[in-house]
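K.L.:
Chain by chain, the residues:
Number of protein chains: 2
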Amino acid sequence: MPVNDSIHNTNMSTHTKIETILKHHRLSVTDSRRKILNIFLTHAGALSHGDIERKAGEKFDRVTVYRTLQAFMERGILHTVPTSDANIKYALCSDSCHEGHHHDDHVHFMCRLCGNTTCINDALIPDVKLPKGYTSSQVEVVVHGICKNCRK
Amino acid sequence: MPVNDSIHNTNMSTHTKIETILKHHRLSVTDSRRKILNIFLTHAGALSHGDIERKAGEKFDRVTVYRTLQAFMERGILHTVPTSDANIKYALCSDSCHEGHHHDDHVHFMCRLCGNTTCINDALIPDVKLPKGYTSSQVEVVVHGICKNCRK
DNA sequence: TAAGGTAATGCAACGAAGTTGCGAAATTTG
DNA sequence: CAAATTTCGCAACTTCGTTGCATTACCTTA
Chain A
12 MPVNDSIHNT
22 NMSTHTKIET
32 ILKHHRLSVT
42 DSRRKILNIF
52 LTHAGALSHG
62 DIERKAGEKF
72 DRVTVYRTLQ
82 AFMERGILHT
92 VPTSDANIKY
102 ALCSDSCHEG
112 HHHDDHVHFM
122 CRLCGNTTCI
132 NDALIPDVKL
142 PKGYTSSQVE
152 VVVHGICKNC
162 RK
Chain B
12 MPVNDSIHNT
22 NMSTHTKIET
32 ILKHHRLSVT
42 DSRRKILNIF
52 LTHAGALSHG
62 DIERKAGEKF
72 DRVTVYRTLQ
82 AFMERGILHT
92 VPTSDANIKY
102 ALCSDSCHEG
112 HHHDDHVHFM
122 CRLCGNTTCI
132 NDALIPDVKL
142 PKGYTSSQVE
152 VVVHGICKNC
162 RK
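Line order of the protein sequences matches chains A and B.
Its first residue numbered 12, the first sequence is counted upward by one per residue in the working numbering.
Its first residue numbered 12, the second sequence is counted upward by one per residue in the working numbering.
Derived from the structure by calculation, the hints contain no laboratory data.
In this text, a Cβ means the ideal position worked out from N, Cα and C, and glycines have one as well.
Check before you lean on any hint, since a few could be wrong.
[Unchecked claim] Derived list of chain B stretches under chain A, where covered just means 3 residues or more per stretch with a C-beta under 8 Å from a C-beta of chain A:
no. : stretch
1   : 52-59
2   : 150-157
[Unchecked claim] Footprint (simulated), chain B over chain A, 3 or more residues, beta carbon under 8 Å:
no. : stretch
3   : 128-138
4   : 143-153
[Said to hold, decoys possible] Computed beta-carbon distance windows for the label pairs:
no. : chain 1 : residue 1 : chain 2 : residue 2 : range
5   : A       : His35     : B       : Gln149    : 31 to 39 Å
6   : A       : Phe71     : B       : Asp96     : 21 to 29 Å
7   : B       : Thr25     : A       : Asn49     : 51 to 59 Å
8   : A       : Asn49     : B       : Gly126    : 34 to 42 Å
Based on the sequences and whatever the hints tell you, model everything.
P.N.:
Below you can see the structure in the form of structure tokens.
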């Protein structure tokens, strides 16, 4: 069910787009899910739970945010970005994520200046030569540096 | 001050080795630091804060473990391994870590079966081709799969 | 489109994780 | 060995994340 790409590339209204994404992932359409999904759609880059709580205002209970993010993860709408601190970040799955089977095999970039985390879909995940006896099933790559915007 | 390698490769007693490492990193030698450093020296692989607390037994206060790990990080004795969950892991810096300037540019491997996280010093960090405008200062690579021991 | 079943939300309470200040104890220095 | 400095442990606190349950919202179908 590689639905996101096609949805992302249409010019349907944000409102419709949000409902379509939710329904395609078999989630009922509720205020909190609309709101949180909208935050991700209008904000380029990965967001932490705390970011969401702040951006959503006082409108939703903490618990609802937790459960919404969890539901989005399980249904393949979001994936997590690995970090070296305890600050887990979530980002939209942009390509063919099946339920339970994420294919978020792309590079993540964390800017040292603005702190933003973005998914670099153009950069290929390189091959890693492991010592004898090791088998690889997934490779996560996080690049730290200066992003396009901060470079200016 | 690339001290660790030379220290790690000597056959001096563990006791002496621990004191040498601590002193080289300008840390006073205390029971908790000895104990915690010893845990890392005798245990291959990365350990979380919780692992340390459990392995150290009831001997130390939670706060002491936090502060010790923090001190080891600041002085370049330990580095963190990025993960997609909130479970930060710490591992010994095996090569030339200056204070504040970690050069932990090696691949980390997380085994899906035993759960152990190890530093793969033999595997080269591959080059990542970034889009125009991005500058890279550090690349973190975490490989998930089956390790040498679990393969058998 | 209204009714009823199902699912999501909000609240409260709880446990775990992490932080801070400060007096007591240990380590280092001279 | 004594003074100066650092570290430790305790207590209190904040933040983070989870669970159970009653209320509310959503979706279905008749």
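K.L.:
Look at each hint and say if it fits the structure.
P.N.:
Against the structure, the hints come out as follows:
| no. | hint | verdict |
| --- | --- | --- |
| 1 | 52-59 | violated (count 0) |
| 2 | 150-157 | holds (count 8) |
| 3 | 128-138 | holds (count 6) |
| 4 | 143-153 | holds (count 11) |
| 5 | His35(A) x Gln149(B): 31 to 39 Å | holds, 37 Å |
| 6 | Phe71(A) x Asp96(B): 21 to 29 Å | holds, 23 Å |
| 7 | Thr25(B) x Asn49(A): 51 to 59 Å | holds, 57 Å |
| 8 | Asn49(A) x Gly126(B): 34 to 42 Å | holds, 37 Å |
The structure is inconsistent with hint 1 alone, although it conforms to all the rest.
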